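*Asks:* Residues per chain, in single letters:
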Amino acid sequence: MSASVVDPLAVNAIARLRRRIFGHAGFSFGAAVLAIVALMAILAPLLSPWDPYDQDLSRRLIPPIWHAHGTAAHLLGTDGLGRDYLSRLLYGARISLLIGLSTMAISGLIGGTLGVLAGYFGGGIDMAVSFLLTVRLSLPVILVALAAVALVHGSLLVVILVLGFLLWDRFLVVMRSTTQQIRRLDYVAAAEAVGASTLRILASEVLPNALNNLIVVATLEMANAILLEAALSFLGLGVQPPLPSWGLMLSEAKPFMFFSPWLITIPGIMLFLLVLAINLLGDGVRDLTAPEGRG
Amino acid sequence: MFTFAVKRLALALLVALTVSLISFFLVRLSSDVAAAIAGPSATAADIEAIRHHYGFDRPLPVQYLDWLGHTLRGDFGDSLYFRKPVLGLVVERMPVTMTLGAVSILFAIALGVPLGVVAALRPNSWIDRLALAVSVIGQAMPSFWFGLLLILYLGVTLRLLPISGSDTWRHFVMPAITLGYYATPAIMRLTRSGMLEALSADYIRTARAKGLRYGKVVGKHALRNAIIPVVALTAVQLGFVLGGSVVVETIFALNGMGYLAYQSIVQNDFPVVQAIVLTLSAFYIVLTLAADLLNAWLDPRLRAVSGA
Numbered sequence: 001m002s003a004s005v006v007d008p009l010a011v012n013a014i015a016r017l018r019r020r021i022f023g024h025a026g027f028s029f030g031a032a033v034l035a036i037v038a039l040m041a042i043l044a045p046l047l048s049p050w051d052p053y054d055q056d057l058s059r060r061l062i063p064p065i066w067h068a069h070g071t072a073a074h075l076l077g078t079d080g081l082g083r084d085y086l087s088r089l090l091y092g093a094r095i096s097l098l099i100g101l102s103t104m105a106i107s108g109l110i111g112g113t114l115g116v117l118a119g120y121f122g123g124g125i126d127m128a129v130s131f132l133l134t135v136r137l138s139l140p141v142i143l144v145a146l147a148a149v150a151l152v153h154g155s156l157l158v159v160i161l162v163l164g165f166l167l168w169d170r171f172l173v174v175m176r177s178t179t180q181q182i183r184r185l186d187y188v189a190a191a192e193a194v195g196a197s198t199l200r201i202l203a204s205e206v207l208p209n210a211l212n213n214l215i216v217v218a219t220l221e222m223a224n225a226i227l228l229e230a231a232l233s234f235l236g237l238g239v240q241p242p243l244p245s246w247g248l249m250l251s252e253a254k255p256f257m258f259f260s261p262w263l264i265t266i267p268g269i270m271l272f273l274l275v276l277a278i279n280l281l282g283d284g285v286r287d288l289t290a291p292e293g294r295g
Numbered sequence: 001m002f003t004f005a006v007k008r009l010a011l012a013l014l015v016a017l018t019v020s021l022i023s024f025f026l027v028r029l030s031s032d033v034a035a036a037i038a039g040p041s042a043t044a045a046d047i048e049a050i051r052h053h054y055g056f057d058r059p060l061p062v063q064y065l066d067w068l069g070h071t072l073r074g075d076f077g078d079s080l081y082f083r084k085p086v087l088g089l090v091v092e093r094m095p096v097t098m099t100l101g102a103v104s105i106l107f108a109i110a111l112g113v114p115l116g117v118v119a120a121l122r123p124n125s126w127i128d129r130l131a132l133a134v135s136v137i138g139q140a141m142p143s144f145w146f147g148l149l150l151i152l153y154l155g156v157t158l159r160l161l162p163i164s165g166s167d168t169w170r171h172f173v174m175p176a177i178t179l180g181y182y183a184t185p186a187i188m189r190l191t192r193s194g195m196l197e198a199l200s201a202d203y204i205r206t207a208r209a210k211g212l213r214y215g216k217v218v219g220k221h222a223l224r225n226a227i228i229p230v231v232a233l234t235a236v237q238l239g240f241v242l243g244g245s246v247v248v249e250t251i252f253a254l255n256g257m258g259y260l261a262y263q264s265i266v267q268n269d270f271p272v273v274q275a276i277v278l279t280l281s282a283f284y285i286v287l288t289l290a291a292d293l294l295n296a297w298l299d300p301r302l303r304a305v306s307g308a
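Those sequence lines, one after another, are chains F and C.
Mind the numbering: the first sequence is residues 1 to 295 in this note's numbering, read in order.
Mind the numbering: the second sequence is residues 1 to 308 in this note's numbering, read in order.
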């Protein structure tokens with residue numbers, strides 16, 4: 001990339017950035033898929049041909065349109081209770097994105113705060129935080145999440161809180177090491193010398209410099225939260241019926257999977273694509289901000 | 001090395017103690033444990049009697065110490081559902097989960113290490129891209145969905161393998177692929193980056209300059225150095241795989257600890273849940289301890305940093 005900096009043609013910075021972003025296939029694909037899912041979620045009431053909760057037992061298990069017995073009225077068919085699968089899929093995008101973003105916010109706040117504290121102050125605080133991290137890593141996430149959600153009875157809010165309080169470990173690790181690195185740099189010492197308060201140094205010097213790494217971890221944890229919610233709901237202990245969570249749709253489809261396999265494949269593909277897109281977006285941010293290469 | 005080992009061991013014990021505290025208070029999240037034991041038809045007097053019988057009317061710290069004392073002696077109490085000692089139930093199911101964990105990790109190593117090595121030898125070739133695709137797909141694939149697809153296509157359409165139960169080795173194939181694939185991306189990526197780093201090191205150039213054959217340089221010099229962190233990662237991944245057994249064993253009705261944990265959570269059988277959380281955490285703690293000690297033994301530089 002240093003070659004393009006001394007480019008005699010002097011392409012302006014924005015055009016260069018644009019070319020780099022669109023030249024990165026993973027980043028472009030991830031951004032496109034994520035945008036589509038976000039649009040599905042936002043426009044669900046407009047796009048849905050049916051009410052996602054409307055049951056009609058006379059129309060149950062209709063196959064999607066590409067099957068011989070499909071009908072244009074239900075493009076992706078209907079589930080075991082006769083609910084329109086496309087409508088449920090569209091509303092399900094809301095739940096996955098809501099879980100992903102809220103969990104990311106909670107765990108990012110917890111992990112980020114602990115990481116910055118440990119990295120900036122070091123010493124006893126660092127030891128205490130590291131201990132907390134070791135304990136957290138020793139707990140089997142899926143099992144503890146399942147038990148916690150079941151004990152306080154599953155709901156969307158409970159799932160978000162439980163996952164938020166479990167998935168902060170990577171935020172902590174990244175913010176801790178980034179803060180440690182920045183702490184040693186001259187401009188932080190300079191800020192201290194001119195009498196800037198600790199809080200101000202953290203907010204104006206440390207945080208902006210940690211942003212790239214933070215975004216990468218945030219995408220990873222968002223993907224992780226979406227997968228975990230789907231797993232919890234699949235096991236019947238996460239989001240509760242009749243909400244159209246993709247994991248719950250898979251769970252409800254399980255008894256019919258041998259004769260109506262599309263009930264399994266459709267929500268699964270959506271889940272896979274969404275998580276793939278978020279991961280590729282994160283990888284893209286990492287590659288674009290640190291062009292030394294992947295590895 | 002000795003000081004490092006003692007310090008690391010002390011940390012592991014402290015972590016184990018904290019985990020025991022968490023798993024004790026985790027079940028207290030439920031509004032009323034005694035009511036849960038008594039069941040929906042119990043009267044207030046029944047619940048009171050149960051509360052007294054199990055000692056739930058005592059202060060929490062006393063209850064915790066009492067419970068910890070019993071736990072350390074291997075007494076996890078009785079299962080509320082099976083009406084049998086928890087220890088026996090868990091021990092009975094342990095071999096299934098251990099077999100599943102071991103086979104899954106072997107699958108992940110068999111897929112991840114060679115792929116990582118070849119990808120590093122030919123960066124940006126088609127095989128490097130294939131390796132990248134395998135890891136990107138593996139990271140995004142919901143393991144329970146992957147399991148369902150295997151059941152659907154390998155089990156039902158092709159009729160190659162049994163879809164549920166744990167009677168023969170064939171019952172372990174699909175669950176192990178499901179869990180193993182989940183552990184593959186991390187192992188593959190670390191092998192690849194380790195190999196890339198090792199191959200660009202000076203001692204590799206020296207070995208080549210000496211006239212050693214390329215295959216020997218790769219196998220004997222580069223791989224041996226690149227594999228050290230992979231060994232440690234594998235130990236950690238085994239811990240994750242055992243945790244993931246809850247989902248995979250439930251899908252395939254594999255009668256191990258994970259399936260038992262799921263059933264116990266559904267039936268509100270909290271002594272069993274507590275015991276399994278503790279057991280899986282203990283495995284993880286022991287595995288990471290072993291990995292750290294192994295790393296420190298193989299690479300003395302780590303001792304100086306962490307043991308300081």
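Some clues are possibly wrong.
Residues from chain C shown here face chain F by an in silico Cβ test under 10 Å; the list is partial [said to hold, decoys possible]: (1) Ala12; (2) Ile37; (3) Phe144; (4) Leu233; (5) Val236; (6) Phe240; (7) Gly243; (8) Asn255; (9) Ala261; (10) Val266; (11) Gln274; (12) Pro300.
Hints are computed from structural coordinates only; laboratory data are not their basis.
Fair warning: this is a prediction, and the values are worked out from it, not measured in the lab.
Glycine is no exception: its CB is placed at the ideal position from the N, C-alpha and C atoms.
*Asks:* A closest beta-carbon separation below 10 Å is what the hint needs, so does Phe144/C meet it against chain F?
*Replies:* This interface hint holds because 5 Å falls under the 10 Å limit.
*Asks:* Against chain F, with CB atoms and a cut of 10 Å, does the hint on Gln274/C hold up?
*Replies:* Interface hint status for Gln274/C: holds (9 Å vs cutoff 10 Å).
*Asks:* Does the CB of Val266/C sit less than 10 Å away from some CB of chain F?
*Replies:* Holds. Min distance 7 Å.
*Asks:* Against chain F, is Ile37/C within 10 Å by beta-carbon distance?
*Replies:* violated (13 Å)
*Asks:* Holds or violated: is there a CB of chain F closer than 10 Å to the CB of Phe240/C?
*Replies:* holds (8 Å)
*Asks:* Would the stated hint for Ala12/C survive a check requiring a Cβ distance to chain F of less than 10 Å?
*Replies:* For Ala12/C, the interface hint holds, since the closest Cβ of chain F sits about 9 Å away, which is under 10 Å.
*Asks:* Is the shortest C-beta separation between Val236/C and chain F less than 10 Å?
*Replies:* Holds, because the Cβ-Cβ distance from Val236/C to chain F comes to roughly 9 Å (cut-off 10 Å).
*Asks:* With a cut-off of 10 Å on the beta carbons, see whether Leu233/C makes it to chain F.
*Replies:* violated (13 Å)
*Asks:* Quick one, is the Ala261/C hint okay against chain F at 10 Å, beta carbons?
*Replies:* holds (6 Å)
*Asks:* Does Asn255/C pass the interface check with chain F, least Cβ-Cβ distance below 10 Å?
*Replies:* violated (17 Å)
*Asks:* Taking 10 Å as the limit, does the beta-carbon of Gly243/C come near enough to a beta-carbon in chain F?
*Replies:* The hint holds - Gly243/C has a Cβ within 10 Å of chain F, the shortest such distance being about 3 Å.
*Asks:* Please verify that hint: Pro300/C, Cβ, nearest Cβ of chain F, below 10 Å or not.
*Replies:* violated (22 Å)
When held up to the earlier numbered hints, the structure conflicts with 2, 4, 8, 12 and fits the remainder.
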